[in-house]
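Student: Residue strings, one per chain:
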Amino acid sequence: MVDITSQDMTVNRADAAGSRRFGGLSGVPSWVITTAAVVLVLLLWQYFGRNVNPVFGSYPTAIAEAAWDLTRSGELGSALLESIKPFLVGFVVSLVIGIPLGLLLGRFRIFEAAVGLFVTGGYAMPLVALVPLLVLWLGLGFAVKAAVIFLMCIFPIAINTWLGVKVVPKTLIEVGHAFVAPNSVILRRIVLPATLPYIMAGVKLSVGRGVVAMVIAEFFTAISGLGGIIINSANNFDTARMFVPIIVLMVLATLLNALVGRIERWVAPWQVEIASRD
Amino acid sequence: MGEVSLVDVSRSFNIRIGAETHTVRALQDVGFTIRDGEIAVLIGPSGCGKTTALRIAMGLDYASAGRVMVDGHEVHGCGYDRGMVFQHAELLPWLTALQNVMFGLEMKGVRGRKLRDTAMHYLDLVGLKSAADRRPHQLSGGMKQRVGIARALAIDPKVLLMDEPFGALDAQTRESLQGELLDVHARTGKTIIFVTHDLDEAVLLADRVFVMRGGELQEIIEVPLPRPRGDLGALRGTAEFASARYSIWQALHRPAATVQ
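For the protein sequence lines, the chains are A and B, in the order given. Per the working numbering, the first sequence starts with residue 1, numbered consecutively. Per the working numbering, the second sequence starts with residue 1, numbered consecutively.
It is worth saying that the hints were derived from the structure and are not from the lab. Warning: the hint list may mix true and false statements.
Below, computed lysine to aspartate or glutamate pairings styled on DMTMM-like, alpha-carbon distance capped at 25 angstroms [what the hints assert, rightly or not]:
| # | chain 1 | residue 1 | chain 2 | residue 2 |
| --- | --- | --- | --- | --- |
| 1 | B | Lys158 | A | Glu174 |
| 2 | A | Lys170 | B | Glu106 |
| 3 | A | Lys170 | B | Asp61 |
| 4 | A | Lys166 | B | Asp61 |
| 5 | B | Lys129 | B | Asp183 |
Make a model of the complete structure from these sequences and hints.
Tutor: Here is the structure:
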């Protein structure tokens, strides 16, 4: 009897220790943890960055100073605007074409057999190498930038949608069949909503790729926008200034991702409620 | 009317195991007629072909040979004369209970006020009027299956086809749904084809039990219990229930060879 009791107590104590170990941060909101992590990284960067030759590296306060100058002169604002226009056009067009393309690829075997290879191939296409060609076709201006962004974004969206369609449970499609729904209705009212989480994952991947594409386009076509500031600053060995648009782009991509997350919760609220996290 | 016949239906699949292709005969020359207004239960061990037979009757699967007739007319594919209740309800997770019931009606072309009213009427029939705006993940297993039944009934089919609909439910929920199904049957008079592997369920619900094994129809057993079946709990204690149950049990355990 005594043995059993003491064993039970040991188990209980182990449980308690376990819950303490995992429970330490469980009450802290995620945004606090995220903020603390960002602050920590900035402090470390500041501490170590100050000892580096300003040509080879920079540090947060110097970048903030450069950012303030760029903002006050209006340069940053106009560059941001100049960059974001082709980004939005290329990105939106990639959604409008990529999502239906993925739906068709996942749903129709013949279409998949005919077109699927080009989409998987296109994803791996070394786009940078093709930019000069695109410049020959579309010139150096707005169109070529939007095209580069479009080509970078469409494939992850199409491929994710395609994959998502493939894993829609067969039984949900059968619900459509059982009520004699035509194929177009099954696609729109069953396959599309069931695929939404995958589509949104593709959209998130594309945001990051789109931002990269935007800078590539600005490097290789008419030097302009945020990419223009990067390359001009780098040529002047003004590293702190160069970091400003880089940080802005990272913040921009993060904000866009958060926005996509919001939209996801709005168009697919059931998904958030179904999904669980330990 | 709602008479369903399978006429000499066979179904074989090709499956690949490693490099070899095997032909599996899921159904072989199965023929039966389910009478109008009857509850017919298909029973048998896993892989006996009962679900395949139901799916072919519904039009979700096709027969390699043979025909499916509804009220004397051959049918191809699904139709509004048949309503399907799936094993795991298969509600569309992004729609509310009401919208799920409305889905079938919309497909049938019902629009406007009638759409909502009809859907609500059938939700009420299964006792879920108050849960109309809940999404499937906010419903219990039993409630989901009630919505599934309402969705199938709403299109006013002649025949309700049910594929082990209560198989995944706990015992209490299962029992109350069996009672509710009998109520719905008494009120609507629909023909019901019901697949199960549960002997008690077969006896409680069925007018006739179709015992299947190895892709063949082995035996048809009449259940001589009167309708309405009344209190199912009390019915379980009666000698008639026990003897009906025993005769199905015997049929399930009879060696297949003696049938030929």
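Student: With reference to the structure, classify each hint as holding or not holding.
Tutor: Here is how each hint holds up against the structure:
1. Lys158(B) x Glu174(A): 19 angstroms, holds
2. Lys170(A) x Glu106(B): Holds - the C-alpha atoms of glutamate 106(B) and lysine 170(A) are around 21 angstroms apart, at most 25 angstroms.
3. Lys170(A) x Asp61(B): OK: lysine 170(A) and aspartate 61(B) at ~13 angstroms, within 25 angstroms.
4. Lys166(A) x Asp61(B): 20 angstroms, holds
5. Lys129(B) x Asp183(B): 17 angstroms, holds
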